[in-house]
Amino acid sequence: MSVDTDVMDIVAKQAKVDVGALKRETHLSELDLQSIDIVELVFAIEEKFDIEVPYAPSDQNTAGISFETVGDVIAAVDGLIAKQHTDKNAG
Amino acid sequence: MNRVVITGFGVVSPLGNNYEEAAVTLRAGRSAIGQLKNIPLDGLLTKVGAEVRNFDPSAHFSDKQLPLLDRCSQLALVAARQAVAQSGLKFRDGLGARTATIIGSGVGGLATLDDSFHRLYAEGSRRVHPFTVPKMMISAPMSHITIEHGLTGPSFTVASACASANHAMGVAFQMVRAGVVEAAVTGGTESVFTYGTIKGWEALRVMAPETCRPFSRNRAGMVLGEGSAIFVFENRERALARGAEILGEFIGCGMSSDASDIVLPSMAGAASAIRACLADAGLAPEDVDYINAHGTGTAANDATETKAIHAVFGAHAGKLAVSSTKSIHGHSLGAAGAIELAATIIGMREGFIPPTANYTEPDPECDLDYVPNETRAAQIEVAMSNSFAFGGHNAVIAVRR
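Just so you know, the protein sequences line up as chains A and E, in that order. End of the first sequence = 91 in our numbering, gap-free, step of one. End of the second sequence = 492 in our numbering, gap-free, step of one.
Just chain A, with the same shape it has in the complex (with noise of 0.2 Å):
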C-alpha cells in the first residue's frame, strides 16, 4: 500500500517522529501538530500526490476535509486519487 506508507513518511516528516511510531489510528492532536503545521502537512500531500486537498480550517460547517487521524489523512487521499482518476475518464 504505498499510499499508506507515504502518506505516514510525509505526516513523521511534518511531525519530527519516527514513522515506526504512528498508526492509523493515532491521532493529528497527539503530534503536537499546530494549524500552520497541518497546512504545511496538506500542501506536502498535494506535491507528492498531485491532487487537490480541499482542506479548509476556517470553513466552520467545513464543507472540505478534516482530519482527526493518521488514518483519516490515507483515507482522504485515496479518495481524492480515486476521484481524479474518475474525473479524467470522465473529461
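Hints may be right or wrong, so weigh each one.
[As the list claims (entries may be wrong)] Here are the computed lysine-lysine pairs in the DSS-like style, where the Cα-Cα straight-line distance is at most 25 Å:
no., chain 1, residue 1, chain 2, residue 2
1, E, K138, A, K88
2, E, K410, E, K398
3, E, K290, A, K83
4, A, K88, E, K290
Simulated from the structure, these hints should not be mistaken for laboratory data.
Got chain A sorted already, so can you dock chain E onto it with the hints?
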C-alpha cells in the same frame, strides 16, 4: 500634550472612491465583495475579492508619471489628494517641514514584482523595466505623497502586515501629540490582486470561497480587498485657530505583540492592545460606543477577538456595538486599519453604525452585538478600531466625534 484632530479625509476603496460614495455603500451595508474582474481567474480557487472599481489611472496621472506608479501608489496618491485638499493645508510655505508622512502598507508593489518576474522567468526576457525597483518598493506610495505635496518632514512607511495602517496612524498621532510635528499625512494603502499573491493566500487555507461572513457561525475565511485611505492629522489648537473643519478627534492608540505564533492570534495580546488604547485615550470601558472589529471572518480571529473584547469590557461588552466592515470592503491588509477608520468616521459623522454584512448564523463562540446586516441609526461619540496582524502585532486606535 497636544490634542490631535482629523482635518482631511481621502478614500479610494471598494466602498467607493471618495467620502460620499463610501458613505452610500456603508449606509446601505452593501458588500463590495464580488467576482474579481481585474485579473484572470483561470487556475484560482479563490475567485472573489473586493476591488476598487471605476478607477481610471490615466484620469489622475500623466503618461510620464504612470510608469513609476504601482497601483498601490496610485490609490494612495488619489486618496492623499482628497485628504490634503479637504484639510486646506498648504505645505510648501514651511509647514511641510513640520508635517510627518507615515503610511502603512503590508506588502508594497506586488503587481510590479509579479509582472517583472513573469517577464524574466516565464517569458524568457533578459531585462525588466528600469523603474521596477522604485515602483515596487513598499515605501513608494509614501515617497510619492511627499513629493507631490512638498512634505519635507519626517517620512517613513510602516509594515506590520494587517496592522500596518493602525501602527502608522498611531505613530503619526503620537508625533503630533508630542509636538514633534504640527500635522501628519497618514493612513494606509494596499493592492494585492495578482495571480501569485492569491495563490499564496490560497495555500494558507484561510480564504473564503464565496464571501466574508465575520462572526457568523458559517464563516469560511477571509476575502481580500484593496484600496487606500489617507488622513490629515493636525494639532487641534492649530486647526481651531485657522477655523478648519474638524472631522473627528484621534484620542489614543494601544499596541502590543503576542510574541507567540506567526499566524495564530492570541487573546491576551489583543486584549492587551485594547487595554493600552483605553488607557492612552483616558477612556473607561463604558465610554466606548462602537468597535470596528478586526473581524477577518476566519474561525480563529473572530472567536479570539470576541473573547478579548469580553475580557477588556466586562459587562459593557454586551452593550457595545461591534461590526466588521471587512464584510463590505474585504481585507485590504496593510490598508485595512485606514479604510476601517474611514468607515468609522463616516458612521460617526453620518449618525449610523455600519453593519456586519453577510451575517446569517449566530455562533455561540461569537456572542456580541455585531450589528448584523442592517445599518443602525445611532450617534457614536467614541469608537475604537482593532487591527491584529499575522506575527501577533496588535494596534488599536480610538477616535471621538
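Right, here's what the structure says about each hint:
1. K138(E) to K88(A): 23 Å, holds
2. K410(E) to K398(E): Roughly 15 Å between the alpha carbons, so the hint for K410(E) and K398(E) holds.
3. K290(E) to K83(A): Holds. K290(E) to K83(A) sits at ~23 Å (cutoff 25 Å).
4. K88(A) to K290(E): With a Cα-Cα distance of about 23 Å, the restraint between K88(A) and K290(E) holds, given a limit of 25 Å.
Comparing the model with each earlier hint shows no violations; every hint is respected.
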